[in-house]
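Participant: Chain D: place on chain B using the hints.
Chains B and D supply the protein sequences, listed in that same order. My numbering puts the first residue of the first sequence at 1, with every later residue one more than the last. My numbering puts the first residue of the second sequence at 1, with every later residue one more than the last.
Rather than coming from a laboratory, the hints here were simulated on the basis of the structure. Nothing here was measured: the structure is a model prediction, and the numbers come from that model. Every residue, glycine too, gets a C-beta built ideally from N, C-alpha and C. All the given hints hold, so there is nothing to weed out.
Below, a sample of chain B positions facing chain D; criterion: calculated Cβ distance under 8 Å:
#	residue
1	T296
2	N338
3	V339
4	G343
5	G345
6	L354
7	F372
8	E379
9	P426
10	F433
11	R450
12	P455
13	E456
14	Q458
To list a few chain B residues with every Cβ distance to chain D over 12 Å, as calculated:
#	residue
15	E136
16	L395
17	D396
18	I416
Residues per chain, in single letters:
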Amino acid sequence: MIDQKMQIKHLYLRAGFGLNAREWMQRKDWSIKKAVNELFGQAEKSKPLATIAPVNGGIKSEDRKERFKFRTAEKQLVKKISVDWLLRMADPRESSLMEKMSLFWHGHFACRSRAGYLANNQLNTIRKYGLGSFKELVLAIAKDAAMIRYLDNHRNKKNNPNENFARELMELFTIGIGHYTEQDVKEAARAFTGWNSDKQGVYELKERQHDYGRKTFMNKEGRFNGGDIIDIILEKNETAYFITKKIYSYFVNEQIDEPIVKELADSFYRSDYDIKQLMLYIFESDWFYDPKNIGTKIKSPTEFTVGIFRQLNGVPTQPRALLRVQKALGQTLFNPPNVAGWGAGKYWIDNSTLMLRLSLPTSIFNSSNLAFSVKPELEDMGKKRIRKLSATIDLDPIIEMTEGLNTEEILETLQIFLLQSPLAIPQKRIQSFVLEKEEREKFLLNFCIRLMSLPEYQMC
Amino acid sequence: MKRRNFLKSSVVASSTMMMPAFLKSGFGQTKLTSRSGKILVVVQLSGGNDGLNTVVPYENDIYYKNRPTLAIPKKEVLKLDDGLGLHPSLGALRDLYNNGELSVINSVGYPNPNRSHFRSMDIWQTGSASDEFLSTGWLGRYLDSECETCPVYQAIEVDDGLSLAMKGAQRNAFAMSNVNKIRKAADNKYLKKMSQLAAPEEHNVAYLYKTLADTQQSTDYLYEKTKAYRSKITYPKSAIGKDFKQIAELITTDSPTQIYYVSLGGFDTHSGQKKKQHNLLKEYSQAIEAFTKDLKSNDLFEDVVIMTFSEFGRRVNQNASGGTDHGTANNVFLMGGKLKRAGFYNEAPDLTNLASQDLDYDIDFREIYATVLDKCLNANSNAILNGNFKGLNVL
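Looking at chain B on its own, in the form it has when it is part of the complex (with noise of 0.2 Å):
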């Protein structure tokens, strides 16, 4: 069993963006209850986010150049949004398991988003139920702007129905593949015809494209909408052991252990797909705190990035160039690849993407030129490159908690501080390339730049 302190960090890494050193200080010695009841604590004190109006109020205009106009407009609004989401992540005054929890379910529901009032909306409706009943969160998407548009439910019509959004409903989002058949994905496009919204994101039922008729699905019978769909999905619990599934190995470990998800799935569908009980339920697991899961899973780009930020009490001071950097990690705010998401681990690594998370800290920390160049979109003409990125940085809580240390004492700490995964290197190699007789904060940083260059850094 690994000690109280490193249990704390593990917990506030997996359910959150981790902690800076003061507040470590602080909780170290706390129990998990303790910790638990915090992290759940302040994210029921979290307020939805401000509302965004569309661009021109959603009106499609005539003119050719000012529909590029209110186009450029959105996606530079969801621009904005992507930014304030990853400022929230890095900040300690925010509920970090709000956020993470936001960021799981924005990849399991993943939807490309192109307007800022559609993106913002749907980050509400994820806010809202995120931690609540998972039945109600599906219904919500369900009816969501964005994903209907991006899942063609628009076009989805008693007379000419789509079933892009049924089918990805039921591979993707809640049974998964092997639980239902064709005619299901037909009949359960039936039930969400007419499900649209009208030009300023807000769902509307178009009554004459319901298809009101009777549908039989996953051997059921009788006159289902889209919401009757859905609970006879949920009423199956290979819906419960799909969702744990995916939750387990998203928050526990990539390798699954087949009787602690059953037995979270039993537990999942038992409450009603109750999402908060189920997180506390792993959180507050002796097995979640098992060697095995600590420090064994490679952050993805945001849980990177931001994890510097978080970690080192720092803030962006250009977040615009932050976004650039997560396109050239592979993870976008709101445009995932396709709608099976991001993947996970391996996935983020290639020898591209390693070598800038390797100089990340480096960069940020001394402020220098990244010299590398993003992918343009396909609308756009040229590459962009990724400037200047720094941040403003307030170390006073490594220097508390090394106060009074000496070097190696000091390299210890932060290395435990840091790092979730054992040093894979002898200690006093990474000493030798930090120079003593700078001073006091340099030095700090310096080594805290050494630890946060290494390969053991990309692990939670």
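Facilitator: This is chain D only, laid out in the frame that chain B set:
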């Protein structure tokens, strides 16, 4: 005149000294495979290049009627054959055509075409059907199935990052925009030292250290290979010019790399197409001109096949902004010193009977992939493309 020697099997020699201890015990030994077949260079024109103004049907009234101000005037077209010619910027391709070194495949596409950049580019890069969503690239799958012990630079993308086309389930290509740049990034004393000393226990950390070591070794290897050699040909100063120069230098110095991937963007010409496309095609043509000249001067052009594509063509009619909108089928160019069948592979696109201003496809793009996979790369195209594509008798 330098004749290419196909390399025989040998172990990567240069940087074994720097290999971390945990890898020396045979964990990740790579072998240079002897290369048979040809080197494939894939050129991606991003944004949907307008095919009708690239390969111009200069005797077709329908073309001129639909593009009153955008059609290429007959007298400006570089005339080739059968009423088809090239955009005036494509001088280099006209020369290749006259030498029997260019094959133009018309009307390439796929059933149920998708006009979203995003989707169509994914379809082309993953080699999928229009309703499939694959998460690996066609060349990535080539690496998975044929390159278990190849060095990671078996396939190089000349860019800072990898396209989906070059990512497989188990293996990825190597991304580098130029050797000096990656060398600068890898020339990190700290990382080199740490990499040497590492003895990771956990398998994910070991994977990261292995990837780091592979990257460092590859960088050293490619740098050593090319450091003494600079091409004597003058390349255009454009980004794509520089990319091609880098490729030529790697080929000439005998890098075992079998696949290169390079892209040129900006082709999404919804407005102001005339000037934009003119400039882009000129950049492309000048880069190709220098590249082919370079290869020929070293007697290497016969060992190389260049494939150029775009994720879709554009509509027949011009729009109200002096541009064209997303379309469907497009042409593909294959160039090489030893084509089996040069010239126009098939007929010009039929501009009559157009239901919705969209060109119909004649050749499925996966037939072309099958051709290069089978003939250039000596691979099993059926397995990689998950389908039976016989290929074209062009290579």
